[in-house]
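Sequence lines, in order, name chains A and B. When the letters of the first sequence are read in order and numbered with UniProt numbering, they come out as residues 1 to 150. When the letters of the second sequence are read in order and numbered with UniProt numbering, they come out as residues 1 to 150.
Hint data in this document are derived by calculation from the structure and do not stem from the laboratory. What you were told as hints is all true, and nothing was included just to trick you.
Reference listing, derived: stretches of chain A covered by chain B, where coverage requires no fewer than 3 residues with Cβ under 8 angstroms from a Cβ of chain B: (1) 40-54; (2) 58-70; (3) 73-83; (4) 86-99; (5) 138-148.
Under the rule of at most 20 angstroms between Cα atoms (straight-line distance), these lysine to any residue pairs were calculated in the SDA-like manner: (6) B/Lys62 with A/Gly49; (7) B/Lys127 with B/Asn139; (8) A/Lys136 with A/Gly125; (9) B/Lys62 with A/Glu145; (10) A/Lys67 with B/Trp143; (11) B/Lys67 with A/Val46; (12) B/Lys62 with A/Ala48; (13) B/Lys67 with A/Asn139; (14) A/Lys67 with B/Asp146; (15) A/Lys67 with B/Asn144; (16) A/Lys62 with B/Val46; (17) B/Lys62 with B/Ala39; (18) A/Lys136 with A/Glu124; (19) A/Lys95 with A/Ala39; (20) A/Lys62 with B/Asp146.
Glycine included, each C-beta is placed from N, C-alpha and C at the ideal position.
2 protein chains.
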Amino acid sequence: MTQEDEYFMGIALREAEAGLADGGLPIGAALVRDGELVASGCNQRVQAGDPIAHGEMDCLRKAGRQKTYRDTVLYTTLSPCMMCSGTIVQFGIPKVVVGEAENFDGNIDFLRERGVEVVLLDDEGCKDVMRRFLAKPGNDALWNEDIAED
Amino acid sequence: MTQEDEYFMGIALREAEAGLADGGLPIGAALVRDGELVASGCNQRVQAGDPIAHGEMDCLRKAGRQKTYRDTVLYTTLSPCMMCSGTIVQFGIPKVVVGEAENFDGNIDFLRERGVEVVLLDDEGCKDVMRRFLAKPGNDALWNEDIAED
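Okay, chain A solo, but in the shape it has when bound (with noise of 0.2 angstroms):
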């Protein structure tokens, strides 16, 4: 891991124990341009209602409107399911950063058939911070709602 890689993740890490700490899903995305922070965010289902506000979706609606996309590098705890995915491929962000793919494989394949790099961190912060939601009673259903499994 680089110093960047681990410094940005960090943030997203926080983002998802901040997630954790409010009752809701602890997955957390931080977006960053030229080694700057530009927005961080995390899923907001639980905090909002929102059912589209994963974490990516979260932290690319707090950077707000941006005229590209092709600088910037998307940091994530989780592997990205196919809504956020999909959004990375449409937004044409080159580059994202997963901290883990053990808790939910997501869509690390797709994206790298459509050009993203996908930088795959395998991080035990990312990891345990998951572990520890779906150790919780319930946090099963919620899990399997957040990611539309009937």
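Use these hints to put chain B onto chain A, whose structure you have.
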């Protein structure tokens, strides 16, 4: 076009027209379950400064948390971009009724490959509202921003 399709596409189109009247991108959507409207929405890039709020996304946000989408139909005035298509697949929405794919191709093939039933109406009203939007000076830049075309 069935009577139900005409009715719900009419709701999506009114959302698009309202968006245009507000200076926004004229793309609307409606989510339907068992012949009943769950929610409708329109693109909020200009109105809310929100880059993830395409018509379909705004509609799904307004619908709030749902236990399942397997029994829903999504109506959208314009063929869905990769963000919205990824969302449709992730959420497990089984059927999408598309107003038109002339002003924007979208990702109908991708949706069908992933098992989504797509009905393309080629609706004159849906085409017309986008044409009127694109004919205004400066709106081509706004449209390019919305689909992240540099």
